[in-house]
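Chemist: Which chain is which? The protein sequence lines are A and B, in order.
The first sequence lines up with residues 1 to 112 when you count with the numbering used here.
The second sequence lines up with residues 1 to 488 when you count with the numbering used here.
These aren't lab readings, by the way, just hints derived from the structure by calculation.
Do not rely on the hints blindly, as some may be mistaken.
A short list of chain B residues far from chain A (calculated; beta carbon distances all over 10 Å) [said to hold, decoys possible]:
no., residue
1, Leu33
2, Glu119
3, Ser427
4, Ala471
5, Ala479
Residues on chain B that point at chain A, a partial pick, calculated with CB under 8 Å [what the hints assert, rightly or not]:
no., residue
6, Phe126
7, Leu145
8, Ile146
9, Tyr163
10, His298
11, Thr368
12, Gln433
13, Pro434
14, Trp437
15, Leu474
Residues of chain A placed beyond 12 Å of chain B at every Cβ, according to the derived structure [unchecked claim]:
no., residue
16, Ser7
17, Ala10
18, Gly33
19, Gly40
20, Ala41
21, Ala49
22, Pro52
23, His55
24, Pro56
25, Ile58
26, Pro63
27, Gly64
28, Asp68
29, Ala73
30, Val93
31, His106
Positions of the beta carbon are idealized from the N, C-alpha and C atoms, including for glycine.
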Amino acid sequence: MDGMAASALAIALVGLGLWTLIRRRNVIWKLLGLNVAAGGAILFLVAVAHRPHAHPPIAGLGPGPSADPLPHALVLTAIVIHFATLALSLVYVIFLTERRHSQDVHKLEEEP
Amino acid sequence: MIYAIGGVVIYLALGVVGFLVRPRWLCGALAILAGVASLALWAPGFPEAILGGTGWGISVAGDPLALGMWALALVIHGVVLLHERARPGAFHPLLTLLVGTCLATVLSRDLFNLYVTLELVSLLSFLLVGYDGKSRAVWASLQYLILAMVGMTLYLLGVGLVYGKLGTLSLSAIAALGSGFSDPAVAIGAGLLVAGAAIKGGVFLFGLWLPPAHGYAPTGVSVTLSAVVVKMGVIALARLAEALPVGSASVALGVLTGFGGLVYALWERDLKVFLAFHTVSQLGYMLIGFGLGGEASHGALLYAVAHGLFKGLLFLAAGQAIETTGEREIARLAGRLAWPTALGLAVGAWAIAGLPPLAGFTAKGALTADLLLPMQAVLVALSVGTAASFAKVIPLLRPGPTREASSGGVMVLIVVLVGFGLWGFASRPELRQPGKWAEAVGGALGGYGLYLLLRRVRPRLPRITLDRATAVALLGAAALVAGILFLG
Numbered sequence: 001m002d003g004m005a006a007s008a009l010a011i012a013l014v015g016l017g018l019w020t021l022i023r024r025r026n027v028i029w030k031l032l033g034l035n036v037a038a039g040g041a042i043l044f045l046v047a048v049a050h051r052p053h054a055h056p057p058i059a060g061l062g063p064g065p066s067a068d069p070l071p072h073a074l075v076l077t078a079i080v081i082h083f084a085t086l087a088l089s090l091v092y093v094i095f096l097t098e099r100r101h102s103q104d105v106h107k108l109e110e111e112p
Numbered sequence: 001m002i003y004a005i006g007g008v009v010i011y012l013a014l015g016v017v018g019f020l021v022r023p024r025w026l027c028g029a030l031a032i033l034a035g036v037a038s039l040a041l042w043a044p045g046f047p048e049a050i051l052g053g054t055g056w057g058i059s060v061a062g063d064p065l066a067l068g069m070w071a072l073a074l075v076i077h078g079v080v081l082l083h084e085r086a087r088p089g090a091f092h093p094l095l096t097l098l099v100g101t102c103l104a105t106v107l108s109r110d111l112f113n114l115y116v117t118l119e120l121v122s123l124l125s126f127l128l129v130g131y132d133g134k135s136r137a138v139w140a141s142l143q144y145l146i147l148a149m150v151g152m153t154l155y156l157l158g159v160g161l162v163y164g165k166l167g168t169l170s171l172s173a174i175a176a177l178g179s180g181f182s183d184p185a186v187a188i189g190a191g192l193l194v195a196g197a198a199i200k201g202g203v204f205l206f207g208l209w210l211p212p213a214h215g216y217a218p219t220g221v222s223v224t225l226s227a228v229v230v231k232m233g234v235i236a237l238a239r240l241a242e243a244l245p246v247g248s249a250s251v252a253l254g255v256l257t258g259f260g261g262l263v264y265a266l267w268e269r270d271l272k273v274f275l276a277f278h279t280v281s282q283l284g285y286m287l288i289g290f291g292l293g294g295e296a297s298h299g300a301l302l303y304a305v306a307h308g309l310f311k312g313l314l315f316l317a318a319g320q321a322i323e324t325t326g327e328r329e330i331a332r333l334a335g336r337l338a339w340p341t342a343l344g345l346a347v348g349a350w351a352i353a354g355l356p357p358l359a360g361f362t363a364k365g366a367l368t369a370d371l372l373l374p375m376q377a378v379l380v381a382l383s384v385g386t387a388a389s390f391a392k393v394i395p396l397l398r399p400g401p402t403r404e405a406s407s408g409g410v411m412v413l414i415v416v417l418v419g420f421g422l423w424g425f426a427s428r429p430e431l432r433q434p435g436k437w438a439e440a441v442g443g444a445l446g447g448y449g450l451y452l453l454l455r456r457v458r459p460r461l462p463r464i465t466l467d468r469a470t471a472v473a474l475l476g477a478a479a480l481v482a483g484i485l486f487l488g
């Protein structure tokens, strides 16, 4: 896949994810939407690393240009951070479900 | 540089070790000592250097901004430690990690490193906001989490666009390229970066997670969040304004957040949420100052530190009041506060209204010194509004017969605030002019008049819900990107 197609896909994913985030009332759906959006942002960084006719940025893969290694390093960090945040938010959703017996945003927003 | 990085590493290490050691506050206290030692060793600053090798690494620098934020963070950590020293469990280790991450954030000069530290700051803040396990605080924390993730997604897209076009993540390298917005991709990227940082920093219409999160968090956490953590978003915006021509966007955000936060603060009845809306409003002063740059950014730094001190004091006193009486509404707290708490609120309100001789006056004086007339008018209007909304706190200042086990935190912050104010007088002769004093007192009196005028007015402000906050943040981001793209 070339860089432009990957970028377009990434931006489409971000849009889809954010749309789900706004439209859905269930918190878990919202978090799923966010996860898709963040996946899009991460894919976008990978697309930025693209160079035409390049091999993956691993030493010893032969002559010729390699893809830019820096965004790949960033992507690893971003994935880890995102995983941690998502895990924590799901813990909070479990907590709220047990206390308030709802995952609906409108119900959660009422005074407890 | 090595001392500053060493300080951060020791701070974070002591945060981790703190999970294992009893008493829980011990490692926090040791970390503060290490932080003070490190600050003393690297003050008055160090030039930009690259951490982690030659050519490839993370740029860090110790400028006055970092210096001021370090001093503020260490003072506030000490005060929170005093107030919350009896708290068991993971509270103190998490707090130490949070402050340590803030210390790292202000040193960073790298787009992606800023992303990492800001994410860590939020992650630790989420844990602390919901620490008491009250469902309202947990819900506030989850809202914070969701909006922060939106912000960081936008920020990451911005990083990708800027790196893709300019080929570097170092802010000073980007500034040195000086390409401005010759390429529309860079302009869009800059807009996304600013929007992400604004969402993270709690700027009005972008980060509407801030009032509930700061309002419903435990006392010590509210103090830390409002005094130190909220500045991290501002710092990120200030750094971006140094590298890319987004100064005017920052000023626009500052005006928006200044008045937006103020309108909500004027009619808020819950004491801590009221203070949180004021934090939103006061971000405006800092964003305007940093956006204008030059002498104004020096004033903005002074204001950021002063705001940390007086807002920390206000949240500490308010938290003590709520803890002792069990009431949150301003009207119901009147006459029920113990005298140290009432004194803390009084001094904090005095400082936030910009009255001499406290830190608020010094900082506002430095900020407005060289501004053009329209900007000065904006800041004066904000001052009057702040005084007006604080007028409803006046009945709380009459101490009641309540007894409380007061912590020394309030007294420490009062002493620091007065010291800051006096230092301002010593170093800035123009603050000693009677005209400036008359201006400040006039502003406060005007505010009281405005309060009397508005007392009978009860507008129905739109309720802030998660869906609205998210939608507004995204629309704001789109507007910001369009603004930067088409207006430069």
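Chemist: Against each hint, give a clear statement of whether it holds in the structure.
Modeler: We went through each hint and held it up to the structure:
1. With a minimum CB-CB distance of about 30 Å to chain A, leucine 33 of chain B clears the 10 Å threshold, and the non-interface call stands.
2. A Cβ of chain A approaches the Cβ of glutamate 119 of chain B within 10 Å, the least distance being about 5 Å, so the stated non-interface status is violated.
3. Listed as outside the interface, serine 427 of chain B is consistent with that label: its C-beta sits roughly 41 Å from the nearest C-beta of chain A, beyond the 10 Å cut-off.
4. Some Cβ of chain A comes within 10 Å of the Cβ of alanine 471 of chain B; the nearest lies about 5 Å off, and the non-interface call is violated.
5. Annotated as non-interface, alanine 479 of chain B keeps its C-beta farther than 10 Å from every C-beta of chain A; the closest such distance is 15 Å.
6. Evaluation of the phenylalanine 126 of chain B hint against chain A yields a held restraint, the C-beta minimum of about 6 Å falling below 8 Å.
7. For leucine 145 of chain B, the shortest C-beta to C-beta distance to chain A is roughly 5 Å, which falls under 8 Å, so the interface hint holds.
8. With its C-beta approaching chain A no nearer than about 6 Å, isoleucine 146 of chain B sits inside the 8 Å limit, and its interface hint holds.
9. Interface restraint check: tyrosine 163 of chain B against chain A, minimum CB-CB distance 6 Å, threshold 8 Å, status holds.
10. Interface hint status for histidine 298 of chain B: violated, as the beta-carbon distance to the closest one in chain A is roughly 33 Å, over 8 Å.
11. Here the hint on threonine 368 of chain B is broken, as its CB sits about 39 Å from the closest CB of chain A, past 8 Å.
12. Residue-level restraint check for glutamine 433 of chain B is violated (minimum Cβ-Cβ distance to chain A is 50 Å; threshold 8 Å).
13. Look at proline 434 of chain B: its Cβ only gets to about 50 Å from chain A, farther than 8 Å, so that hint breaks.
14. A hinted interface residue such as tryptophan 437 of chain B counts as satisfied when its beta carbon comes closer than 8 Å to some beta carbon of chain A; here the least separation is about 45 Å, so the hint is violated.
15. Hint status for leucine 474 of chain B relative to chain A: holds, with the closest Cβ pair at about 6 Å, below 8 Å.
16. For serine 7 of chain A, the requirement that its beta carbon stay farther than 12 Å from each beta carbon of chain B is not met, with the minimum near 9 Å.
17. Not every beta carbon of chain B lies more than 12 Å from that of alanine 10 of chain A, the smallest distance being close to 8 Å; the non-interface claim is violated.
18. Listed as outside the interface, glycine 33 of chain A is inconsistent with that label: its C-beta sits roughly 10 Å from the nearest C-beta of chain B, within the 12 Å cut-off.
19. Not every Cβ of chain B is farther than 12 Å from the Cβ of glycine 40 of chain A; the closest lies at roughly 8 Å, contradicting the non-interface assignment.
20. Annotated as non-interface, alanine 41 of chain A brings its C-beta within 12 Å of a C-beta of chain B; the closest such distance is 4 Å.
21. Separation of alanine 49 of chain A from chain B is inadequate, the least Cβ-Cβ distance of about 9 Å not exceeding the 12 Å criterion.
22. With a cut of 12 Å on Cβ distances, proline 52 of chain A stays outside the contact zone with chain B, its closest approach being about 14 Å.
23. The beta carbon of histidine 55 of chain A is kept farther than 12 Å from every beta carbon of chain B, the shortest such distance being approximately 19 Å.
24. A cut-off of 12 Å between C-beta atoms confirms that proline 56 of chain A is not in contact with chain B; the least separation is 18 Å.
25. Once the 12 Å rule is applied to beta carbons, isoleucine 58 of chain A is consistent with being away from chain B; the minimum gap is 17 Å.
26. Consistency note on proline 63 of chain A: stated as away from chain B, and its beta-carbon is indeed over 12 Å from all of that chain's, at 22 Å minimum.
27. The claim that glycine 64 of chain A lies off the interface holds: its Cβ sits roughly 20 Å from the closest Cβ of chain B, which is beyond the 12 Å cut-off.
28. Here aspartate 68 of chain A does not stay apart from chain B, with its beta-carbon only about 9 Å from theirs, under the 12 Å limit.
29. Chain B draws alanine 73 of chain A into its interface by the beta-carbon criterion, the shortest separation being 9 Å against a cut-off of 12 Å.
30. Not every beta carbon of chain B lies more than 12 Å from that of valine 93 of chain A, the smallest distance being close to 7 Å; the non-interface claim is violated.
31. Non-interface call for histidine 106 of chain A relative to chain B: violated, since the shortest CB-CB distance, roughly 8 Å, does not exceed 12 Å.
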